[in-house]
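Asks: As a plain string of letters, each chain reads:
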Amino acid sequence: MQKPGVGISGAGCVCGAGMDLATAYVSMLTGERNPQAPQRFSTTHADTYPVFEILSPLPAPGTDAELLRTTRLALSAAHEALNDAQLDRELLRGLRVGVCIGTTVGSAMNSEEFYRDFRSGKTPDMAPIERYLRSNPAAALARHYQLDGPSQVVANACSSGTDAIGVGAAWIRAGLCDMVIAGGADELCRTTYNGFASLMITDTRACRPFDVSRRGLNLGEGAGVLVLESDAVLKRRGRRARGYVLGYANATDSHHLTAPHPEGRGLKAALARAISDAGIEAQQLAFLNAHGTGTPDNDKVESKVLCELFPEVPVVSTKGYTGHTLGAAGAIEATLTLVGLEQGRIPANAGFSQMDPALGLTPTTALTPVQGSIAVSESLAFGGNNAALVLGLEEHI
Amino acid sequence: MDTKAKLKQVLVEELNLEDVTPDEIEDDEILFGEGLGLDSLDAVELVVVVQKHFGVEIKDMDEGRPALQSINTLAAFIEEKQG
Amino acid sequence: MMEMRISGLGIAGAFGCGTRELRAALEHGGVKPSFCADAGAQSIPVYRASTTALERYLNKRVLRRIDHFSRLALLGAFEALEDGEYNFDFIPARERLGVVLCSGFGALSTTFRFLDSVMDDGDSFASPTAFSNSVHNAAAAHISMQLGITGPGQTLSQFDHSFISGVQQAQMWLEEKRVDAVLLGTVDEYCSVLGYCWERFLGIKPSTQMRPFASDSSSALPGEGAAFFLLRPQQDGSAGYARISGMECGHVRGSSPRLGSGAPLILGCEGYPDTMNMYREHLPADAAVACYTPLYGASPVAPAFDVAIAALALERGKAYPAPAAPPAETGWATLSSGSAVETLTCVDFGVGGEYSALHRARPCL
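Protein chains in written order, with this note's numbering: chain A, 2 to 398; chain B, 440 to 522; chain C, 401 to 765.
Next up, chain A with everything else stripped away, as it sits in the complex (with noise of 0.2 Å):
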């Protein structure tokens, strides 16, 4: 049986491809992408591996500095999601809104250099780890807005975007909130650097997802966030939702650490369950937004997935766009997801050229036009986190 969605009221996502969402997305349907070294930061590698690194100053509320950027890019992406749905402070008061966001590292307490201080005997000021307990991305954003609803943030790695969404759209659902600002967001920062290079999952040239020749992953970073609202509240502001939380479900491997499971027994589940929590058909899909990092073993096993349960469905990885951002990324290709049924094309897979015989999946190879009114996106993680949203225009198929 076929729960109602729930309502989108307003988007906003700031990344690599753009400072908010209509530019970002504009920018991708062009082919446009330029990764390049960090320039926050710098490392003693022998290589150099490119980002999608944010270098524009981030747009207000995210410009203070006494939060960690993480949380910055957070109020960058839900001030524009707000306004979005035309909502304030000010309008948000009396509602029951909750916050749930997804990151991994932003509430990590891994200031280097109070750290290297700490260790070499030295006494470090505080000010960092102030900044740290300042700056939980989902109470920042309640103080911000002065909202006392639930508050929750996922740390599901690389999955926790699209959980949070995922949990906040079950929110409104239970009745428990009229309103949820949801995403996901995470920094670039020298730990993840270096994290993932000695994993030696990066690239050293632009990602290409499901290319024969991929060689890994480009970090970035970013912000998603959709406002989920209730249809009594959009009823009574006389406001037109602009897509729909069909479905959601979450798996996990219990497979290992950092690898997925070779028959992406977690991912296959989590998409079976997400479509049939939707109460769809796979073949209604106008397409699907995939994980696809570009790291050899993500591709290969996503692939083998996506072949077997959507074979006719359309694919995309816009992280050829967008970098990986990490906790951010299944917010960010959320909102993604969202513009491209609106405007029912979708932009061709960055960095592919050559189908891979091992995988046996082309996605887009151009700008694409879609039919459809619902689309899926999906994320793996390390610890076997699977998760994946059903996002639809209409709210009743």
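Hint data in this document are derived by calculation from the structure and do not stem from the laboratory.
Since this is a predicted model, take the numbers as computed values, not measurements.
Among the hints, a few may not be true.
Taking CB as the label site, the calculated pair distances span [stated by the list, open to error]: (1) A:R41 - C:R716: 32 to 40 Å; (2) C:G646 - A:K236: 23 to 31 Å; (3) A:A367 - C:S655: 50 to 58 Å; (4) A:Q37 - B:D501: 20 to 28 Å; (5) A:S43 - C:P673: 39 to 47 Å.
The beta-carbon is built from N, C-alpha and C at its ideal position, and this holds for glycine as well.
Starting from the known structure of chain A, arrange chains B and C on it as the hints suggest.
Replies: Okay, now just chains B and C, sitting in the frame of chain A:
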């Protein structure tokens, strides 16, 4: 200490293999999967370990895979690189 | 909301491991913090938890890459499932079990061990094993791998507010029928950097003793541990310790917990003057209260330990002796040892102003 003996020792220490001693590792024992039972995460850790203890860089897994078969292959790789 | 039943408990803290040792600590007290010399210049008392009991479940080979943080979590998980007699023999049970893991700070020691690898030898010597274990969801991953659980998994992290978010998540999954049961756990660990922060922020000294209701100066001592719960829908008829009949959470900026007059309360007071003021402001004047934090110290796990104690008290229908009495000027009565309890509410105010109230009742009411 020769390369093989040193390799076995750092393997046990750095990968925390508390249930085997260096002497118990055979020169031709398969390191991954069956055999010693290491996995893909150990493989990338070994790349760091080899660089740290032997000053030899394994640039990527295309180079690493054949070298990381056994103590024999890894020792030969290290000795060749060290010249 | 749909009620949940606590049908298994897995706990490890300074008081020991398992319900038997927690009961003993509740009856006889005597839990003492140990001293950690590595915290900055001086040694501060810390409520540490041991994971040696984990060797009962996992061998050395399996444990070689698993850090203290994930070991605490695994210990809690194994104990809770064993205590709740969860039957793993058939696959659907593994698919229909969700894992919710809450942590305020994540795997701190491994986070810093990763930075050590970079600072000791350089960027290209960063340890991939440390990196992948420092990710916040590493503990949940180890649980899912070691127990073969393939249901949904969620790791939540929001300092003091982490555990209540987890309760909400578990309740939501059960209500949506995504799962038949949820393994909900909270885990946090002490590390030397945390000790330094404690010294700098709170002026903790070697002689500091935990006075949970202190409002003059901070007396919070750091703790660590794991508290895991096997939760099932109340109506599934299985046995259990207590049922969770209601839950409130919010922020003092907009609301406060609704607590009935004279209701027996377990308070999460940890010796922070700032939060003590919130308890004073928002609790009914005639509340009957108990606080057990001197058995496990201050940490994001403390609210979960409170819930475990409430579950044990409700199971036997009698309150446990409280290790500290509220100051007279609060007007609160001490929930006296052995007094009959039919319901208990665990109330917690976080440093940031988030609050939660978890209402629990005896299983058969």
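Asks: Hint by hint, note whether the structure agrees.
Replies: Going through the hints against the structure:
no., hint, in the structure
1, A:R41 - C:R716: 32 to 40 Å, "violated, 58 Å"
2, C:G646 - A:K236: 23 to 31 Å, "holds, 29 Å"
3, A:A367 - C:S655: 50 to 58 Å, "holds, 53 Å"
4, A:Q37 - B:D501: 20 to 28 Å, "holds, 25 Å"
5, A:S43 - C:P673: 39 to 47 Å, "holds, 43 Å"
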